[in-house]
Amino acid sequence: MNGLRARLSHDAAALALGGRSVARALREKNVEILCVGSRGLFWLEPLLEIETSGGWQAFGPVAATDVPTILDAARNGTPHPLFLGNIQDHPFLKAQTRLTFARCGTVDPSSLDAYAHAGGLVGLKHALDVGPAKIIEEIAASGLRGRGGAGFPAAVKWSGAAAAAGDEKFVVCNADEGDSGTYADRMLMEGDPFLLIEGMIIAGIAIAGTKGYVYIRSEYPHAIAAMRRAVENARDHGLLGKSVLGTYHVFDIEIRAGAGSYVCGEETALLESLEGKRGQVRAKPPLPVHCGLFGKPTIINNVLTFAAAPTILAHGGAYYQSFGRGRSRGTMPIQLAGDIRYGGLFETAFGPTLETLVNDIGGGTRSGRPVRAVQVGGPLGAYFPPALFDTPFDYEEFTNRGGLLGHGGIVVFNDTVDMARQARFAMEFCAIESCGKCTPCRIGSVRGMETIDRILKEDDNAGRIALLKDLCDVMKSGSLCALGGFVPYPVLSALEHFPEDFVRRCL
Amino acid sequence: MSLIQEIDFGTPVRHAEKRVRLTIDGKAIEVPEGTSIMRAAMLAGVQVPKLCATDTLNAFGSCRLCLVEIDGRPGTPASCTTPATEGLSVRTQTDRLKKLRRGVMELYISDHPLDCLTCAANGDCELQDMAGAVGLRDVRYGYTGENHLADTKDESNPYFTYDPAKCIVCSRCVRACEEVQGTFALTIGARGFGSRVFASADEKFLESECVSCGACVQACPTATLIEKSVIDIGQPEHSAVTTCAYCGVGCTFKAEMRGEEVVRMVPHKDGKANHGHSCVKGRFAWGYAQHKDRILKPMIRGNVTDPWREVSWDEAFAYTASEFKRIQGRYRRGAIGGISSSRCTNEETYLVQKLVRHVFGNNNIDTCARVCHSPTGYGLKTTFGTSAGTQDFDSVEQADVMVVIGANPTDGHPVFASRMKKRLREGAKLIVIDPRRIDLVRMPHVEAAYHLALRPGTNVAVLTAMAHVIVNEHLVDDRFIAERCDADTFAEWATFVADPSRGPEATEPLTSVPAKALREAARLYAKGPNSAFYYGLGITEHSQGTTAVMAIANLAMATGNIGRPGVGVNPLRGQNNVQGACDMGSFPHELTGYRHISEAPTRALFEAAWGGALDKEPGLRIPNMLDSAVDGHFKGIYIQGEDILQSDPNTKHVQAGLSAMECVVVHDLFLNETAEYAHVFLPGSTFLEKDGTFTNAERRIQRVRKVMAPKTGLADWEVTLALAAAMGVPMPYDHPSDVMAEIAALTPTFAGVSFEKLDALGSIQWPCNEKAPEGTPVMHIGGFVRGKGNFVLTEYIPTDEKTGPRFPLLLTTGRILSQYNVGAQTRRTSNVVWHQEDRLEIHPHDAEQRGIRDRDWVKLASRAGTTSLRACVTDRVAPGVVYTTFHHPDTQANVVTTEYADWATGCPEYKVTAVQVSPSNGPSEWQAAYRKHAIESRQIEKPVAAAE
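Protein chains in written order, with our numbering: chain A, 1 to 507; chain B, 508 to 1455.
Next up, chain A with everything else stripped away, as it sits in the complex (with noise of 0.2 Å):
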């Protein structure tokens, strides 16, 4: 009757946020709707876009009771409460760069015509065109290091398994999304998973790998759907199997839940429980890229380092590199979080301070109350001060005042903060998520809990500080790998910056 079109984000977050109630809303008024991931912009979500007249007009956040207005305003041209015009307008799109997440939000995930449509499979064809060598030579000079918290360079990682001898390598992706306050990966495999597909098949061709597997956690059913989607999808169109695009070249994908364990990010523990055993980490060397899944070599990359190779083979090295700073290069899908105005996801070059994120991006927090500390790069990420916000989002700039990066999730925390309680939940976090192989690992993040209780409860605790930074100092050079190793973070930054929560608590 009236035939309008809307695009509503479908992604989970959308979801939480009573997208499915909305979406019923406007079947009702038989409005057509495609479903496509998140903008990003979580406090406007759900988000609903309505084609009109003088384009596409967004309104959000959106109620299922707001949608009779909505249309009304949408085909009348009147004004709505929730009317935020053209959502790329939205200053908080416009001050981004977005390469990775480009398409995300605009496009129908489901859909391999409509991610060619959008200029997808451009660096695909390039890299068939150019050959193995090349495509490394690229990765290389655009500088691109993995983003799953690491940041080794990529190009060192593909061109080390390149170099690897075996009859079958392995292209894995990481998407075991489990740091506290980060989606990006979710994100991007609802909002357009062909762009990882793409990535994989990419670092396929440039190591001789042949089959890739995407290890994505099992909390994230929506994801895992619309991967499993994707992969069929690009499967039934020759994008996966025997040949790819038409090439002699063999790539498929397969796509795996994980087990429910934060240890299975660590890549060593996801290869082992993509084999199908205990997700426990291994000793390196050897490193996976001479022995990795099944003992053949293979790649680990994040779901955000393969997908910015489709824009790096497409544009160019040099032109990703052209972004950033320093020796962090390309952009950054930055995930803001926690009690925070503007909470969502921010795509940008590297090199805002965080005073930039929080403060001006993210509009300071939400409750309205003072900023006391960030938390960046998940749970064993440093906290910083406000004293710190002036750190750029740099690796380096981050690892000299003892921090680090991370997977780029930023968690702001308010004045309302018990420190020593956080330093204590970074040790239970470990506990609860230790996959027990390590000693101090196992048993130091429990008597770490056990040491902080102590510190709260009783009077004269300089032996115990002194013992909780021992502790740390194990912890952190002797653990097999970044959990117990990174426990520290957390623990010594809220000791150093705000010693005052760490004194006994009257019960």
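Watch out, some of these pointers could steer you wrong.
[Unchecked claim] Below, computed lysine-lysine pairings styled on DSS-like, alpha-carbon distance capped at 25 Å:
(1) A:K277 x B:K711
(2) A:K284 x B:K525
(3) B:K1034 x B:K936
(4) A:K284 x B:K605
(5) A:K277 x A:K211
(6) B:K735 x B:K1218
(7) A:K476 x B:K606
(8) A:K125 x A:K242
(9) B:K605 x A:K469
(10) B:K936 x A:K296
(11) A:K284 x B:K929
(12) B:K1023 x B:K1034
(13) B:K1264 x B:K1278
(14) A:K277 x B:K936
Because the hints were derived from the structure by calculation, they are not lab data. Owing to the predicted nature of the structure, the values given are computational and were not obtained by experimental measurement.
Guided by the hints, dock chain B onto chain A, whose structure is given.
Relative to chain A, chain B alone:
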């Protein structure tokens, strides 16, 4: 004497041509590339503290005690997982490292009971050692935090306990179960602080998949997994290296002692057959040596219905000698004979055959190999020229394709099976040819490419059909045949096997093996590149046992799979010294080294050495002795360490033969079944009580060392000597080493063997002589011992033992991991918890037809006899086939086996008996009568003093 301490280098040895040089704490060392820093340090004389590392397991990197610093590298890498590379400068002891190690140890001890003084591992605990090594003085966390101290102990296993309270979660047990044993029974359950060792899915050890090999106990650095014997007795104070007395693998053990009491048997890393691994029998089941059933005094009786009377050794020898002399005087010289034992040492076996040939003056000497591997000797001698397997066990590490036929290694030869499994996990392919789905067909991380479930008795047809495929598909190794084999016999054989009547399609109706699978398996074997046959009694114990051995030899020659590591024909010998017993001249027709008694020059050599003429005619084999006894011609026998009544076929016939004799002398540890018909019982000594040597399945001669005085006063070899002396022909030797010296002097293949050399080298594989002064691991390199390889035609002739309306099923027999042979030893250990009785495996289809349910009593009848046992309904056996073990005298499985035997060697056809199975109410009348007789005939007269 002291406790032998083995050096633990922390990580396994690496073999690499390229060597790298590095310095560790300033000491320069050169090691093969790939060697860990930890191992390099140990080689340089620097011990880096460690807990999760041990050199029998791959590096794991979990304990974090072995951290080191490397100049120019950040951090503190673990020395176990970091490879040594050229030019490294490593420091193992710095202030930083000291502090870190102490910190790690502080964490360990914060969750560990502080009961060192009363702990069974006190004095043998690596955690204790490391706490000392890192200088731990204080646990600042206290002991009130979360802990595992109240976790409950699992004492279900009869031999060891699992105490999770003491577990440091190093995973050494789990890794040993995986890497060494290959059972994958253990895992780390839960995660984080809750991580603990689980047997199977958190079950009791006894109820889990654990096979009690002991690898986990050995790997455990604390008292978490510890032998109950250590808990009971305490730590050993001295030890001796000796050889296991169970199967033909011949594992080397350290007998760890306290005084004359065995504390435990620990597999020795230097053992070349087992490389530090063991199975439940050798590791734990030695309790029979102290069992109350052991007879420690000689006994005689005039009549087998009389009770036994204990006598002195002198009286026993005098009585026996007088009886044997009386019999020889009254009947003839050939009216007596002897049976040597595959359980006893080479020296003892040699002495028994010498007693028979030299003192008895005839060649009526045979051995239990008659009933197991005699076809191996005959078949391999005919084709290759040597009566023995062609390889060493290490060879399996280079095999690409293994054919396991008529053998069940995981039960019968478990330690070697573990090595096979390891190689299979590395990617080697497996073909199993067996009527039964043995465990190797599919077990954790091992799966056979083909399981050809043939009908019992059709080995020759299957092997010949494989040859047919290989010849007709041009898969033969022409060059090998041209260079190494006899052209005429090959041509004749090739024509023979190529005949369509011998192909897989033509023989499928007989063998039940699908032709397609057989063809593919044959191709796989031929393709190799290194293919090896492993076989057992499922090949030899048939009417065509020798033919089947030769069919295997033909295949190995035709495909060039002989004469180098990784290939060959590998008989898995059953008993500890069955190879040795055969080598030592235990067969009636052969002197030591398989030289025929009719050869005058050989005979002359022995006659000169022994001082007396030898009979040039071969003597009687065991079945002939029994036949002759029934006929009234054979009257006296000396049986050392063999229970022919239980182990030989057609029990009733054996009974009749023994009953017809006038003097049966049984020399054994126990009043075994045969002793029911004995007149003289000479108590035997265990392998712990004597010196000597055993020869295992790979021709490896290994020392048996005395760790306690013979409980009877005399070792077995001394008994044989005393018997000879009592008969008036002294055989003067002071020590078994003198016997070996004589064997070496008289036997070309043993010419270089001596106790001194064995002590120096650890072991020697014969031939050992001038050409091979340190022995011969792999035989027929460059050429066959007999000259050219000899192909033999292997026409399949079905056994006369046929199924029919009365006996429609085929019975085949075998054994189980926890029991050994007739069970004389293992039934007298706690191993009975795993196998209390023999069961009859029957396919669900056959069971259903007969109304038989699992665990029902069933009657098993053949034309030879009837027995009863309980059923186990399982599809492990094919329809039409039933299977049982023969470990328990109550079952008397050999009551039903028949007198059919191998055409060449007389080896009984145990593996094929036509039977019928029907429901029954319990043991048969015969079994009841037998049990009554067994009790009556074992009565020992009470000493007079006690009777008053």
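query: Which of the numbered hints are not met once you compare them with the structure shown?
result: none
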